Amino acid sequence: MTVILPTPASPFNIGTRGSPLALAQAHETRARLMTAFDLPQEAFAICVIKVTGDAIQDRPLKEIGGKGLFTREIEEALLDGSIDIAVHSMKDMPVEQPGGLLLDTYLPREDVRDAFVSLSAQGLDDLAQGATVGTSSLRRRSQLLAKRPDLNIVEFRGNVQTRLKKLADGVAEATFLAMAGLNRLDMTDVPRTAIAPEDMLPAVAQGAIGIERRGDDSRAAMMLEAIHDGPTGQRLAAERTFLAHLDGSCETPIGGLAELDGGSIRLRGEILRTDGTEVYADDMGGAIEDGAEMGRAMAAKLLAQAGPDFF
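Residue 261 in full-length UniProt numbering sits at position 261 of the sequence shown, and the numbers go up by one each step.
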């Protein structure tokens, strides 16, 4: 089948949110497609789409609709043909896509770790008793309360620049960001300390970029196949299956991380009570091709331990 590649006169439309990090991810996607098909930058158009999640900054996500708030308007544009593909942070993506859409392309994964960010402290242990910490993540809030129940945790939403300004204004003494975002924005000046997964298990799919397309768009499928990173896909298959068999919304604190070693995969997962008083965790290993089944088994095991009313 002959595929007609995009041209400056008829560009390939890439949909994205408008934050600096989202734009950096869209630009990376464009650059990889340009290289793969030897096309000029003008053959691709970056289409910024306003999403509900970015418009509401003063309330927790669980109160206003969860993860879908960062994808709904972009997916509507994809379905109506306004854009050809959509670029997403995978940790923001619900485990189910709307009918007619597929999410099966991933770029090479960045650093998965969380970053401790503070203008005055080097790490969690440096914070004084009762210190104020800002985060918008229910997972991070629960993990913090499990380790430091004395902390005063306040809602901290917004992009990287917004959160750093809140620190400078004294709203909180520390916050947490994804290392991947800081790296992609080349923000080497941000005072950060990477947190090992053993100390704070990251969000499922953290550090991964996913690209969504229409299921019947053969041209997009062919183009995306050229930039898909198989190892990232293998890792996310295990992590997102784990998430799918839990209640993977913004109302549930869940951490998960899969890592590859040769032909083997290691999957770690945890579920937490929102107040940090209970944590159930597991660590499994097996063959890469069994990653999704490991995710299902781990979810079932943790739910059995926690009980039916845990979440």
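Check each hint, because a few of them may be wrong.
[Unchecked claim] Heads up, simulated DSSO-like pairs for lysine-lysine below, C-alpha to C-alpha not over 27 Å straight-line:
1) K166 x K147
2) K166 x K50
3) K50 x K165
4) K147 x K301
It is worth saying that the hints were derived from the structure and are not from the lab.
Computed from a prediction, not measured in an experiment: that's the story for all the values here.
Here is what the structure says about each hint:
1. K166 x K147: The given pair, whose Cα atoms are some 24 Å apart, holds under the 27 Å limit.
2. K166 x K50: The hint holds at about 23 Å.
3. K50 x K165: Holds, at roughly 22 Å.
4. K147 x K301: With a Cα-Cα distance of about 23 Å, the restraint between K147 and K301 holds, given a limit of 27 Å.
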